Structure formats: C-alpha cells, structure tokens
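Residue numbers (the numbering used here), protein chains in the order written: chain A, 141 to 331; chain B, 141 to 331; chain C, 141 to 331; chain D, 141 to 331.
In short, the hints are calculated from the structure, not lab data. Incorrect hints may have been included.
Output of the computed footprint for chain D on chain C, the stretches with three or more beta carbons under 8 Å from beta carbons of chain D [said to hold, decoys possible]:
no.	region
1	179-193
2	198-206
3	209-222
4	226-235
DMTMM-like mimics (lysine to aspartate or glutamate), calculated; alpha carbons at most 20 Å apart, straight line [as the list claims (entries may be wrong)]:
no.	chain 1	residue 1	chain 2	residue 2
5	A	K166	B	D174
6	D	K166	A	D273
7	C	K166	D	D283
8	B	K166	C	D174
A few chain D positions that, by computed beta-carbon distances, are all more than 10 Å from chain C [stated by the list, open to error]:
no.	residue
9	D151
10	T159
11	F190
12	A246
13	V257
14	P298
Since the model is a prediction, treat every value here as computed from it, not as a measurement. Glycine included, each C-beta is placed from N, C-alpha and C at the ideal position.
There are 4 protein chains.
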Amino acid sequence: MNTNRLEAFSDGVIAIIITIMVLEIKVPHGETLDALIPLIPVLLSYVLSFIYVGIYWNNHHHFMHMVHNVNGRILWANLHLLFWLSLIPFATGWMGENHIGAVPVALYGLILFMCSVAYAILVSAVLRLQGQDPKLAAAVGRDYKGKISTILYLVAIPLAFVNQWISIALYVTVAIIWFLPDRRIEKVLVD
Amino acid sequence: MNTNRLEAFSDGVIAIIITIMVLEIKVPHGETLDALIPLIPVLLSYVLSFIYVGIYWNNHHHFMHMVHNVNGRILWANLHLLFWLSLIPFATGWMGENHIGAVPVALYGLILFMCSVAYAILVSAVLRLQGQDPKLAAAVGRDYKGKISTILYLVAIPLAFVNQWISIALYVTVAIIWFLPDRRIEKVLVD
Amino acid sequence: MNTNRLEAFSDGVIAIIITIMVLEIKVPHGETLDALIPLIPVLLSYVLSFIYVGIYWNNHHHFMHMVHNVNGRILWANLHLLFWLSLIPFATGWMGENHIGAVPVALYGLILFMCSVAYAILVSAVLRLQGQDPKLAAAVGRDYKGKISTILYLVAIPLAFVNQWISIALYVTVAIIWFLPDRRIEKVLVD
Amino acid sequence: MNTNRLEAFSDGVIAIIITIMVLEIKVPHGETLDALIPLIPVLLSYVLSFIYVGIYWNNHHHFMHMVHNVNGRILWANLHLLFWLSLIPFATGWMGENHIGAVPVALYGLILFMCSVAYAILVSAVLRLQGQDPKLAAAVGRDYKGKISTILYLVAIPLAFVNQWISIALYVTVAIIWFLPDRRIEKVLVD
C-alpha cells in the first residue's frame, strides 16, 4: 500500500485548514480604514497560524517523501495529526477575536503542543515499520528541533497567564526554528 | 476507466467533510475558561464524527485499492455514499449544540445507518463488475463487521429515546470495532 | 500540456461545491423532531443539487477521459463552467430557505441553463482542438441529451411563475435523463 | 524532490479560495427579484475575483509545468503567494458588501499588488534554482505583463480615493491583459 492517497488526503485536509481560517476574518460593516483596526489581532493570528500550518505541510511533505509503505497504524497516526491541526483554526479565531487574551493564547499553545506530539507519534509509527532504513534513520536523527519545540510549547502555556506576549514570542521563536525545511532530510535526499 | 479520479474526488469530498465539521465549533465570545464549557459536547461530537469519517476514508482507501475498473453504477454508488457522509457534519452539529439530546442522537444513528447501507451498496456494485476476482471476494468475505455495525445502529436509534447515552455507547463500540483497518483486506494484499 | 492538473483542479472545485451546500442546512436550535420540519425544503433542494453536481462531475469525468491536450481556450472554458456550477449552492440555498418560491425556482433554472451552455462551450473548445479525433466525434455525436436539457431549462424558467412545481418536475426530469453516465461515450471507450 | 505535491497542494488551496468566495453571497431572506438587487455589487466583485484567481491558477499551471525540482525556498515562496491569494475572498467580500466603496477598492488593489509581488518572488526563486534552463529563461523573458500589472495596481490604489471606478477599470484592464494564458510559455513548450 503506497503513500500516494495518504499524501493526497493529507494535502486536501491541510489545504482546507489553511484556507478556512480566512473565514474567521469577518467582513466588517463599515467601509472606512477604522473598520479594519479591530481586525489587526485577527489578521496577526491568521499570519502566525498560516505559517504554522505551512510548516507542518512542509515537514509532512519532506518526511512522507521517504516513506515507502503505509499500514493501518500510520494511517491512524496521520489522521490523529490532522485532527489536532484541524483545531488550529478554532484556536486562531478565539485568540484573534479576544485581542490575544491569556486563556486563548494558552489554548493555542496546548493545540500546538498536541500537534507536535501527534507528529512525533507519526514519525515513530513510520520508524516502526521502516526503521531498518538507514536513510530515514539518519534524516530523523535526534530530532533536536522537534524536542525543543515541544519543550517551548510546554513552557509557553503556563507563561500565558503571566504575560501572553511572552508565549506569543515563544510561538514565533518556534516558527522561526522550523521556517526552513528540515535540512537534515533534504541533505540525506540529495546525497 | 480507472479508479484514480474516483479516489481523488472522494478524497476531496471526505477531506472537506472531516474539516468543515470544525466550523460548527463556534468561537466563543468570552475569553475565560468558562467560555469553553458549553463547547464540550460540541467537541466530543466532533471527535466521534472525526473518527467515523476517518474510518470511512480508511476503509474506502483499502477497498478501492482492489478495484481496477469503474462503471457508471460504481460512480453513482460512490456518490450516494458521499451524500450520506456529507450529512454527518449536520447531525454532529445538531447533536453537539443540543447537549447530546435524544432526537439528535437518534438522527445521528440514522445517518450512520444510511452510510453503512450506502457502503454495502458500493461494495456490491464493485462485486457485480469484478466478482470473479477471488482476491476481492476473499477480502470482502462474509463482512461480519459491516453486518454487526448495521445491526447496532438499528438498535441504537430507538434506544436513544430510552437513554441517549446507551446509543452513544453503541456508536463508540462500532467505532472501536472498525478502528483498525480491515485486517482481512490488508492480509490479502500482503499475501 | 496534459489534462491531469485540469482534472485535479476541477475535481477540487466540484468537491467543494457539492460539500459546502450542506453548510446551508443550518443546525436548528430546538432538539425535537419539529425543529427539523422547516428544513425539509432545504434538504430536498440539497438532494436535487447534489444529484446535479454529481451528474456534472460524472460527465466531466467521462468527457475529459477522451481529451489528450489542453490549451488556453479549454482552460478558460472549464473555469467558465466551474463559475456557473459555483453559483448552484447559492441558488439551492435561496430556493430551500424560501420554501421553493417562484423566483428562486426560476433563478435555479437560469443557473442550470447557464451550466449547460458552459458545458457545451467546453465541449466545442475541445472539438476545435481535437476535432479530427473520430472517437471523440462519435462519442459526442448529436448530443440529443444536452440539447433536450437546455430546452427544458428554457421552458422551466418562465413556467416557474405559473406554478413552480412544474419547473421542479422538469428539473427532476432532466436529472433522470442524465442520471446514467453517457452510454455513447462509455460504449466508444469500451469498443 | 518533484513538483507533484506542490502543484496538488496549490490546486487544493486555490480551488478552496475560488469556491469559498461564493459563501460571501449570502442567501437573501425575501423571495422576490428585489431581494437580489443588493447582491449585484457582491456578484460583480465575485466575478472579478473569480477571473483573477482563475488567472493565477492558469499562470501557476503553465509556469510550474516547466519547473522540475523544488527546494525549501520555492515551497515557501509558493506558500507566500497562497497567503496573499487567500486574502482575496476577504477583500472581495468587503468591496461587495460596501457597494464598491473607496477604501475597500484600494485594499483590493493592495492585495492584488501583493499577489503580483509574491508571484514575482516565486518566479525568481525558481530561476535561482533552475536559471541555467534556457527554455525557462526564454519563457519568462522580460515579463512585460507582470511589470505592467504591478505598476497599474500601484496607480490604482491611490486613484481609488479620487474615484473608485477608475481603479475598478484598471483592475479589469489587468484582467484582460492576463486573460489569455501566457503565449510566451505556451510557444516555448510547443517549440
């Protein structure tokens, strides 16, 4: 059983997730520039989430490129990841509509944390099936990036109740860490 | 006429169904944790439906893998299945917004029942075209799982009026039965 | 330039059109069976439109199967068809929410008429590029079905102002005519 | 790393963008023809945006056809383009709901401008990886069309505050310029 349809389905779901977030940017009733001001936090939340979903699509794209076979465990690990990703639009909308309030910022971090856990489960499901593949093992490596991100989310969640902008700064930091696609994998593929 | 475009179209529709359900989780106006409490039944309904739609995609994926040709009958049987699946977000939203009330729970069961009937029609349309294929016949087998699910839905619908949590328990039971992809098919493919 | 991406994009748009119509079936606030009664015309409109969009996907699927190359004219003829198809959810919602009123029924017919014109333009754009292909010419033939449908829509639009149920009956008639995929094409492909 | 999944994901996102715009055409409550009159600017905005998104899909389709490999830079340049395209439904809705007011028309132009900048960045990211390809270089050429469009948007944005219909006329002009797919590329591909 190959990965084509898994990739196509994941692409479809991720494409919808990244696009329906824009539906949260409600068309304002006034037609002046002032009418756009309340939308600024909504737009900033959208930009952050767009980048996050883009990062997941990017990493998923790179990672699945090295997966040759799919079993039931991998299918479900992938659906589990899509489930948590599908909650990003909700958390984004809640954060944006409440002017980046403390609880919404903490929830946003919780969902990012669950996404990173789900991604790690997917990777380990693939390694379990295909772990003898030295190329894959080398590419995944020690996964410093993944571990650092997970720790930063865990730190950011409680810190949102101290000052939510610290948490936002941490989410932006993680996004910057991941911004470039995983060089390890790209390097292995080129070698 | 091959199955590629049928699979691609089904993947698209199922990806949209599984994702638009999240639009029913309306962003609350308050920014406290309390504001999330009314969303708990909505979220639980979403989780259940996400798993159900995931199961259908999974089984569809496995089953279509063994289908080599498509005729008009199969195209329409597939659209018929997609029609009933497309009503799951509505039933999920109604159930979630009414705190898992009796009538919504019964309707939810009715739509799951119709999905299972539509799936059986799709399988029989394929068998009619390709019934001579011993691999497929072996994989479909006696379809105990399918028959048990259909019966459990039929039992769950009236029981919702006694106590809706019995019906929910039955839906969860069916989900657990199907959770793992169809081992029969996977076994045949590997052999 | 081959047809793969044109088909994939069309599948995507048609999959979204067929699925977002379900968003018009708004979750009712009550939790009794009575709460579902106002939704009956909405549901019936949805069923009719689901079948219509399904027919277009079906015919598009069959027809594009015989197209080998795509030029700018065909790309735009295809987008033009998708434009009119994309208005079906609006017309469906308006018809359903107004208890199948006369003006909405006429508008619904107008949009179906424009879809059939757009489909004819797409077919002629393909014939212009690939008209020397005897298989395609034989499959398209005299296109009785297409011509009859277009005439029936034209008749149904003014009749909606006499009695909208006559128009609905005509739309159902056209749907039945098209229900089975185009045997002419299927026959040519099999030969 | 090939372009298949990049194209599939872009097709998905563009298909969703082009289709969710129709959700802005809210179903009116009345059932008379009068009820449709307030929708005329909404519909006209939709037509313009549908053509614009269609043009981008068309050009993306043609351009990606000549791209053989994808790196991280191209993936992100593509996501950046999709980001600005995803704001078109918002700008369209705002413009339509406010009877083509001055500020919404200027914002619409700003987003079209950003889309054209993002497209230019994508093209230059591809040229950077694959610039030695004489076919591609010839096809991209001096990109008069792209440069003229970008200038026309820049002119149209301030002019919206003089008279918004001048800006609309400029947007329509750019759409006409791009309406036909890029003959340069098509010519090179055929040669």
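We went through each hint and held it up to the structure:
| no. | hint | in the structure |
| --- | --- | --- |
| 1 | 179-193 | violated (count 0) |
| 2 | 198-206 | violated (count 0) |
| 3 | 209-222 | holds (count 6) |
| 4 | 226-235 | holds (count 6) |
| 5 | A:K166 to B:D174 | 24 Å, violated |
| 6 | D:K166 to A:D273 | 53 Å, violated |
| 7 | C:K166 to D:D283 | 48 Å, violated |
| 8 | B:K166 to C:D174 | 24 Å, violated |
| 9 | D151 | 5 Å, violated |
| 10 | T159 | 4 Å, violated |
| 11 | F190 | 6 Å, violated |
| 12 | A246 | 26 Å, holds |
| 13 | V257 | 24 Å, holds |
| 14 | P298 | 31 Å, holds |
The structure shown violates the earlier hints numbered 1, 2, 5, 6, 7, 8, 9, 10, 11.
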